[in-house]
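Listed in order, the protein sequences are those of chains F and B.
No gaps in the numbering here: position 34 of the first sequence is 444 in my numbering, and each next residue is one more.
No gaps in the numbering here: position 325 of the second sequence is 855 in my numbering, and each next residue is one more.
Note that these hints are calculated values from the structure, not bench results.
Fair warning: there could be bad hints in the mix.
Facing chain B, according to a computed beta carbon distance under 7 Å, are these residues of chain F, among others [claimed, not checked]:
#, residue
1, 478
2, 487
3, 490
Simulated restraints on C-beta separations [what the hints assert, rightly or not]:
#, chain 1, residue 1, chain 2, residue 2, range
4, B, 764, F, 538, 54 to 62 Å
5, F, 472, B, 712, 55 to 63 Å
6, B, 827, F, 523, 43 to 51 Å
7, B, 704, F, 523, 20 to 28 Å
8, B, 798, F, 532, 50 to 58 Å
9, B, 827, F, 467, 33 to 41 Å
10, B, 535, F, 531, 29 to 37 Å
11, F, 531, B, 542, 40 to 48 Å
12, F, 541, B, 660, 53 to 61 Å
13, F, 587, B, 827, 25 to 33 Å
14, B, 712, F, 467, 52 to 60 Å
15, B, 826, F, 467, 57 to 65 Å
16, F, 523, B, 654, 50 to 58 Å
Each residue gets a CB set at the ideal place from its N, CA and C atoms; glycine is no exception.
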Amino acid sequence: MLTVRNLTVFRGHIQALTDVSFDVSTGDVLVILGANGAGKSTLLGAIAGLYPPRNGEILLDGALLNGLSPEAIVRKGLCLVPENRQLFPFLSVRDNLLLGAFHRYRRNRKGLDGDLTKIVTLFPALQEKLNSPAHTLSGGLQQMVAIGRGLAADPRILLMDEPSIGLAPLVVKEIMQTIRRLKEQGHTIILVEQNARAALSVADRALVLERGRVTLSGTPGELTKSSGLFTAYLGKHR
Amino acid sequence: MGSKKNLLLIVIAIVVFCLPLIIESSYYMSIFIVIGLYAIVAEGLGLLMGYAGQVSFGQAAFYGLGAYAAAILATRCQWPPLLCVCIAPLLPSMVAFIIGRPILRLREHYLVLATLGFGIFVYVLFKDLGTLTGGPSGLTGIPYLNIGSLTLVTDQQYFYLVWGALGLTLFGMANLTRSPIGRVFKAIHTSERAAEAVGIDTASLKLQAFVLSAFLAGLAGALYAFWVTFISPSPFGFTSSVEFALMVVVGGLGTLWGPVLGAALIVGLTEFLRWAVPVALPNAGGEFEIIFFGIIFVLIMLFRPKGLLAIEKSSVAMSHPTTLRSTDA
Chain F
411 MLTVRNLTVF RGHIQALTDV SFDVSTGDVL VILGANGAGK STLLGAIAGL
461 YPPRNGEILL DGALLNGLSP EAIVRKGLCL VPENRQLFPF LSVRDNLLLG
511 AFHRYRRNRK GLDGDLTKIV TLFPALQEKL NSPAHTLSGG LQQMVAIGRG
561 LAADPRILLM DEPSIGLAPL VVKEIMQTIR RLKEQGHTII LVEQNARAAL
611 SVADRALVLE RGRVTLSGTP GELTKSSGLF TAYLGKHR
Chain B
531 MGSKKNLLLI VIAIVVFCLP LIIESSYYMS IFIVIGLYAI VAEGLGLLMG
581 YAGQVSFGQA AFYGLGAYAA AILATRCQWP PLLCVCIAPL LPSMVAFIIG
631 RPILRLREHY LVLATLGFGI FVYVLFKDLG TLTGGPSGLT GIPYLNIGSL
681 TLVTDQQYFY LVWGALGLTL FGMANLTRSP IGRVFKAIHT SERAAEAVGI
731 DTASLKLQAF VLSAFLAGLA GALYAFWVTF ISPSPFGFTS SVEFALMVVV
781 GGLGTLWGPV LGAALIVGLT EFLRWAVPVA LPNAGGEFEI IFFGIIFVLI
831 MLFRPKGLLA IEKSSVAMSH PTTLRSTDA
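Can you make the complete structure from the sequences, with help from the hints?
Following this line, the structure appears as structure tokens:
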């Protein structure tokens, strides 16, 4: 479904990604792990069109995405749930969710209400907060709004950048359960996480980035069995 | 709440309607016409600054382009004045469309400098294209505006025309800012990067706001040209651009009525100081007015930094324009 080949990306003068390659199949959850500054968010940003690649290819079902604007990539079916939520804090939860569906306003406005209902079904806690400004919500609820806003775009692949960041362990658990439910519903997800244990619990495949390069990849089982670099990055596992 | 708002609107409309019936002085009538014209420009700039989050210090250039386009079409091409009013705002809109793409890619200080440079460039054109614009001496012989058989001659008639146009502008702005597009503008203002991430074509929407702001400035300029029947480059210089930006900021960014209040305050304050300073300080020169003007605005910025009509939540919004990090879980 999504193929990334020899991707090289610069952030200013710094080479943030070097020759990154991987594939994601329909319905899979791919987890990208790595330490701070490894290039995980840059990788998601590059796929979402926020950082233009210097070299390499990003292909969706064989069609090249390089050079497309972020909004064009959303229209192709890839939607980013950015790090730190990046909500529109003083707009209501409903407005935040509807903004996720902005690119469909003109073409298919009818389906929006139904989609909003689906999102609220997935996150029932949002039901009574629909008219509240997003900044009044707790961090966990804000993260649900951010994921809901991503889903409102009706994406083929959801790109999630550290959804557990800054959240209490119980809320992280809830977010991971949500990701598991999304996977069961057939969504394809690329998940960037530092919380390796939580992320691997929902992953079909995972890869580890080190200084912008892929140093390990495989199934969660393969990764957890491999010591070496994985242990050095993420601490000893049981 | 809604009925109170409607009642207030009706009262405002009645007061505006009655003003020309009460005020006989041509001087005071002129002040109200200028307030109306500047409020139209400020409403457009308010959309750009308060909703799309872009700054323009070149709005007087669009105001001037509208005025000169209307004046040149009416005097040199002999077009009917009403047609000129309808056509003239298209020139600044087209110019905004052409320069908008490259200019709006810039951010913050660079955007300010680019719009400022554009304003100065257009001002120099007004002065140097003598054969077309009349140069520094200006363009004379602009006819009065006529609508059907009615020729608008008096200040009272122009007052109704200008404030009618302002009313339509406010109506349009109120609908626009409440529409899905208005919601998108607010999103861009809050975080352009987040807006891009959810698939909003921020470049195109910023351009639309820029073109609309230029259209409104051009409309005000065209009305101005037919009211004064003589135009010269001086009202379209850098100072006017700064004043337009001040009107929006002082009135309140992201508010519907803020630009109108800002226009009224700045025009009113200028005229008041022009009268009051010589009375209070008989030996003071013109510069003293500017000093008082500055002091008053420093005070407003100190005590109402987000503008007079900005409500608390938008004040916070402006101070955290990008991300809201979660504080709890």
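How the hints compare with the structure:
Interface hint at residue 478 (chain F): violated, since its Cβ lies 11 Å from the closest Cβ of chain B, which is beyond the 7 Å cut-off. For residue 487 (chain F), the interface hint is violated, since its Cβ never comes within 7 Å of a Cβ in chain B; the closest pair sits about 10 Å apart. Look at residue 490 (chain F): its Cβ gets to within about 5 Å of chain B, closer than 7 Å, so that hint holds up. Between residue 764 (chain B) and residue 538 (chain F) the Cβ separation comes to about 58 Å, which falls inside the hinted range of 54 to 62 Å.
For residue 472 (chain F) and residue 712 (chain B), the hinted distance range of 55 to 63 Å is not satisfied, since their beta carbons lie about 39 Å from each other. Under the hint 43 to 51 Å, the C-beta atoms of residue 827 (chain B) and residue 523 (chain F), about 47 Å apart, fit the expected range. For residue 704 (chain B) paired with residue 523 (chain F), a C-beta distance near 25 Å keeps the hint of 20 to 28 Å intact. At roughly 54 Å, the beta-carbon separation of residue 798 (chain B) and residue 532 (chain F) lies within the given 50 to 58 Å, and the hint holds.
In this structure, residue 827 (chain B) and residue 467 (chain F) break the distance hint of 33 to 41 Å, their C-beta atoms being roughly 55 Å apart. For residue 535 (chain B) and residue 531 (chain F), the Cβ-Cβ distance of about 36 Å falls inside the hinted range of 29 to 37 Å, so the restraint holds. As the Cβ distance of residue 531 (chain F) to residue 542 (chain B) is approximately 45 Å, the hint placing it in 40 to 48 Å holds. Remark: the range hint 53 to 61 Å for residue 541 (chain F) to residue 660 (chain B) is upheld by a beta-carbon distance near 59 Å.
Against the hinted window of 25 to 33 Å, the Cβ-Cβ separation of residue 587 (chain F) and residue 827 (chain B) comes to about 54 Å, which falls outside the hint. For the pair residue 712 (chain B) and residue 467 (chain F), the supplied restraint of 52 to 60 Å is violated, since their beta-carbon distance comes to about 39 Å. Range check, residue 826 (chain B) to residue 467 (chain F): about 60 Å between beta-carbon atoms, so the 57 to 65 Å window is met. Checked against the hint of 50 to 58 Å, the pair residue 523 (chain F) and residue 654 (chain B) passes, with Cβ atoms roughly 54 Å apart.
Of the numbered hints given earlier, the model fails hints 1, 2, 5, 9, 13 and 14; all others are met.
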